[in-house]
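Student: One letter stands for each residue in the lines below.
There are 2 protein chains.
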Amino acid sequence: MIQKKLEVTYQPFNKSTRVPPGTTLFSAAHWIGLPIDSTCGGRGTCGKCKVQLVDGGGEITTADRKQLRAGELESGWRLSCQAKVYQDMTVNVPELLRVPKAATMGVNRLVLLDPNVRKVYLELTEPTLEDQRSDVERLQDALTAEGFDMKADLAALRTLPGALRDAEFRVTAVLGGDQLIALEAGDTRDQSYGVAFDLGTTTVVGTLMNLRTGMAEAVGSTLNGQAPFGADVISRISHGMQGEEARTELREAVLNTINGILADLYERAGVDRDRVYEMVIVGNATMLHLLLGIDATPISMMPFAPTFREPLYLRAREVGLEIHPAGFVQTLPIIGAYVGADIVAGVIATGLAREEKIRVFVDVGTNGEIVLGSTKRVLCTAAPAGPAFEGSQIKCGMRATDGAIEGVTLTDRVELQVIGGDVPPRGLCGSGLVDVVAQLLVAGLLDASGKLKSREEVPEHPLSDRLTSVEGVRAFLLTENVYLSQRDVRELQFAKGSIATGIKVLMDVMGISTADVDEVLLGGSFGSYLNPESAKIIGLVPAVDVDRILSVGNTAGEGAKMALLSFRERQVAFELPEKIEYVELSGRSDFNDSFVSVLRFPDLEAVA
Amino acid sequence: MIQKKLEVTYQPFNKSTRVPPGTTLFSAAHWIGLPIDSTCGGRGTCGKCKVQLVDGGGEITTADRKQLRAGELESGWRLSCQAKVYQDMTVNVPELLRVPKAATMGVNRLVLLDPNVRKVYLELTEPTLEDQRSDVERLQDALTAEGFDMKADLAALRTLPGALRDAEFRVTAVLGGDQLIALEAGDTRDQSYGVAFDLGTTTVVGTLMNLRTGMAEAVGSTLNGQAPFGADVISRISHGMQGEEARTELREAVLNTINGILADLYERAGVDRDRVYEMVIVGNATMLHLLLGIDATPISMMPFAPTFREPLYLRAREVGLEIHPAGFVQTLPIIGAYVGADIVAGVIATGLAREEKIRVFVDVGTNGEIVLGSTKRVLCTAAPAGPAFEGSQIKCGMRATDGAIEGVTLTDRVELQVIGGDVPPRGLCGSGLVDVVAQLLVAGLLDASGKLKSREEVPEHPLSDRLTSVEGVRAFLLTENVYLSQRDVRELQFAKGSIATGIKVLMDVMGISTADVDEVLLGGSFGSYLNPESAKIIGLVPAVDVDRILSVGNTAGEGAKMALLSFRERQVAFELPEKIEYVELSGRSDFNDSFVSVLRFPDLEAVA
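Line by line, the protein sequences are chains A and B. 401 is the number that this note's numbering gives to position 389 of the first sequence; each next residue is one higher, with no gaps. 434 is the number that this note's numbering gives to position 422 of the second sequence; each next residue is one higher, with no gaps.
Please keep in mind that the hints were generated in silico from the structure rather than gathered at the bench. Predicted, not measured: the structure shown is a model, and the values here were computed from it. The reader is advised that the hints may include incorrect statements.
Claimed, not checked - Cut-off 27 Å, straight-line C-alpha distance, at most; resulting in silico cross-link-like pairs (DSSO-like, lysine-lysine):
hint : chain 1 : residue 1 : chain 2 : residue 2
1    : A       : Lys78     : B       : Lys96
2    : A       : Lys78     : B       : Lys17
3    : B       : Lys388    : A       : Lys163
4    : B       : Lys388    : A       : Lys60
5    : A       : Lys78     : B       : Lys388
6    : A       : Lys163    : B       : Lys60
7    : B       : Lys60     : B       : Lys78
8    : B       : Lys96     : A       : Lys163
9    : B       : Lys78     : A       : Lys388
10   : A       : Lys17     : B       : Lys78
11   : B       : Lys17     : A       : Lys96
12   : B       : Lys388    : A       : Lys96
13   : B       : Lys17     : B       : Lys388
14   : A       : Lys369    : A       : Lys17
15   : A       : Lys96     : B       : Lys591
16   : A       : Lys591    : B       : Lys163
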């Protein structure tokens, strides 16, 4: 997977970048913040992205012939979106004709507003005896003149004669890529929307985006309606194993969830469903398989081979999602059975594969997905952490809902942060669990092996009276009825040990140590709530300066929004599976060796 | 539309051809009977069609990079199916590795058996921890190794995990182009079928073809179920104008007709519907629009612009045609509202656009479609002949069914040829009408202006007692109750005048005279039954030697079969609309001028 990089230099800017063979001049420029002008977004149809070859390259593509004059071809002009780099090259970029709209999204990513969905207003010439082109050709020719390709499927063909004549040949064509989604009467360019969905096993979040302004119009979220069939992916898949009917049940449950959110978004934003043309949806491999009605059984069993990994672009009516029926649902690619499209979205949102600094991105959950790398090389894996971080298998564990202790500070007393504010604490959620263990380590009430001290060992400690035993097992009382047991500490040790081992294996494969890591990014619905310092104290993440451990929020949702707003970002996401090396832990002997060594908590000096 | 031709020479054969710019080296070779070896049929995926450039050309395509080694590229090897001719070129063709199967079809056309539907048997390696490729990739990689691209739609994805595992990863992949149609357990390559349909306004004919042998397994035909809604395209369209429901009625009527024929073909040939993967269907523009549920109203009204003209490749389940549900329905392109896919099929079947000799192809019917040309240039038009040739508007006219007089010879008595053999004659069908008029001209009972003689003008003629008058109009008695009236002669004059004028206009546009015409081809369900000599005597066709006037049968059906059996022929059909110049008669003043001059019948000496 590692290929020799090639150098491309852009004049007159004198900016260079190193890219894998086969990258287009257009993409390479975009990666170093040098957006080349383009109406068609790199599809080879508008001709605006032409550059002049100074050194290297020279092939003429069919698109070049269509868009450029013979004289231009001779002088070395080529479409940068079609010209692929197969040797070191230098090119001249003409002055920018327009400065595209941009927005900052994800983790400080500058995203150019260039959605895959485009609306083009056309005043077509009507047919005459001298001009008997078909409706399709009339529309295609007008769109070609504006720099767009267009294909119409059977459903679109059926609407064409009526739509054109009812609107007296003044129509707005809505394109998803080069596919015709709709022909609307008159000029409707001011109404163009899309939705971005993060389809989590537990929670589903949807955002209605205005594709014209790049702004969110409304956000909605709810629990995944598949919850009654099991809390995690394995139990969902098990349910699906009962047969076709059970899979339909799972599929309909999640469709209802998403369509419910959609209806709510439309109502709140006052947007018509028929003006919503595209959905970008990300989720883990299982969630995407079940949404599409594809048996996910092989994902749950060795050797974990999913049915598909490639990004899919499907008509909404075919999937059953209630945007414009002829609109499209775009999934992002999957890297492996346990590194899904949500992680690909996370890599886009963090820009991890596009910056010089070396970063670790961890999505902490039942499976800890880990990505390590920089623009040079990117590795990823999934570490089976078990349910501790979700508050499960923990004596007083609970989900992060009202009454859950999500933060703990131990001084001479116990300070608790409880979700829901004034409600009485009912249990510990994942971030609270990590906090209390970290604080007990700092307070000297827990040793590095993970053993809770007894009241007798630390009689002078102001919190010693909270050390007790419950059902014959040592415990630390947080409130009258919420406590942390010795067994809970062991569960957490296994969970954090698994993720820490995953990180260590990736660092070993890359040949780097903690000192080489510039940043640690905590993402996902749980990771974002983790206290970075606590994560460091328990040794969940490498011991870098605590201000280099960042909570990056819902990177899956952010990545989905970026792919919705920017065709270029989407292309980058599509290319990621080729760039990211997946390291399977199950097969590695060093995983088990490392695992034992990282079960202990780090020395406090080491993480100070 | 007329482009400068470029010369391509193939070594070591020293064979040359002149082709329009943009033609591939592969296609150009095929046209001169030099089939270059290929597994993928010119899709750029098998790498077998490589040739070495001797002179001209040189561009390297993406497919070249994928299929050829760097050393080969340097020595000038290119995939001939990707290399387009933009200048005069000379290339070396390596020795043929295999001689493809071929069959003679249409009008002496040699067709290489190279169907678009391919079956590939695969024994896939099963997934392991070291090989976690998705099912899609596993299949794609195996097919790539065999020289095939593959894409799977959502319906295919849903069947994939089960199909692979139930068959223990030994499957036959069925491809329509690069789309996955089915995955069948085990090796099923010996069962591969397709159907070719000629969807006529009156009659629908279907042929079940064995794609492995190229042989027809069964043929079936029946009247078009749309008949109750009108005999001709205009009355069908009028019915459809009543709205969506009426169009659904029309659509379902023809679907029932075709599906009925299909069920009958399957039963007679003992072939399972799920082994029938593709249908090629041709028909006039109206028939194709109505079949697909597309409003055909604009076809019936000035300026006659259809909704689509391009060839469509649609899933059978989407169209409602009962072959394999994931199989494909391929329509051939339409040239204009009144020169449909049936005529494109006719051009393929006759090879009219691919031979040196200049030929006129006429499909005689309510609309006479005319194609004139050779490999150098091709013109076409549609002449509104009216219903006379269908036996309509003729006093004793009838369809060509039992009891219709289809042939007439006049000596000193009247000899009749009646459809159905021993049944009593009930009326005149089109070919009988043409015959009797021609024979009356020869017998001297009808003058060149079209006037029937009276009994008094030719008292000595052995047939003079058959000259009579019916309801005050002159008539010629064929039997006691079947006669030809003076008005019928006028109707025929208008009908033949329209077609003769169409031919004359095309000859004028091309700048040729009758002496330059090498052959006249009479096609279509009616034209094929015409007596060539009679057609010549009445001046329907140019006055060439009668042995150069050929009945060529159901060229529409033959062309459909050729496109079904040969991907290359299909490509040729796809390119025809670009090559054939359509001449619209409605807008031309010379049409009306010529029309008057050709209403008369030719002098008998001129056609002798």
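Student: Is Lys60 (chain B) close enough to Lys78 (chain B), meaning Cα to Cα at most 27 Å?
Tutor: Given that 27 Å is the threshold and the Cα spacing comes to 12 Å, the pair holds.
Student: Please verify whether Lys388 (chain B) and Lys60 (chain A) have alpha carbons no more than 27 Å apart.
Tutor: Outside the cut-off at roughly 37 Å; violated.
Student: Measure nothing beyond the straight line between the CA atoms of Lys78 (chain B) and Lys388 (chain A); if it is 27 Å or shorter, mark the hint as holding.
Tutor: holds (25 Å)
Student: Straight-line Cα separation of Lys96 (chain A) and Lys591 (chain B) no greater than 27 Å?
Tutor: Not OK: Lys96 (chain A) and Lys591 (chain B) at ~33 Å, beyond 27 Å, violated.
Student: For the pair supplied as a hint, Lys17 (chain A) and Lys78 (chain B), is the alpha-carbon distance within the 27 Å limit?
Tutor: holds (19 Å)
Student: Is the hinted pair Lys78 (chain A) and Lys17 (chain B) satisfied, with a Cα-Cα distance of at most 27 Å?
Tutor: holds (19 Å)
Student: Compare the distance between the alpha carbons of Lys591 (chain A) and Lys163 (chain B) with 27 Å, and conclude whether the hinted pair is satisfied.
Tutor: holds (22 Å)
Student: Holds or violated: Lys163 (chain A) and Lys60 (chain B), Cα atoms, limit 27 Å.
Tutor: violated (31 Å)
Student: Just to be careful, I want the Cα atoms of Lys17 (chain B) and Lys388 (chain B) compared with a cutoff of 27 Å; is the pair within it?
Tutor: At roughly 9 Å apart (the allowed maximum being 27 Å), Lys388 (chain B) and Lys17 (chain B) satisfy the hint.
Student: Between the alpha carbons of Lys96 (chain B) and Lys163 (chain A), is the straight-line distance 27 Å or under?
Tutor: holds (24 Å)
Student: Does the structure keep Lys388 (chain B) and Lys163 (chain A) at a Cα separation of 27 Å or less?
Tutor: Since the Cα atoms of Lys388 (chain B) and Lys163 (chain A) sit roughly 32 Å apart, the hinted pair is violated (cutoff 27 Å).
Student: Checking one constraint from the list: CA of Lys78 (chain A) to CA of Lys96 (chain B), max 27 Å. Satisfied?
Tutor: With Cα atoms ~14 Å apart, Lys78 (chain A) and Lys96 (chain B) stay inside 27 Å; holds.
Against the hints set out earlier in the document, violations occur for numbers 3, 4, 6, 11, 12, 15.
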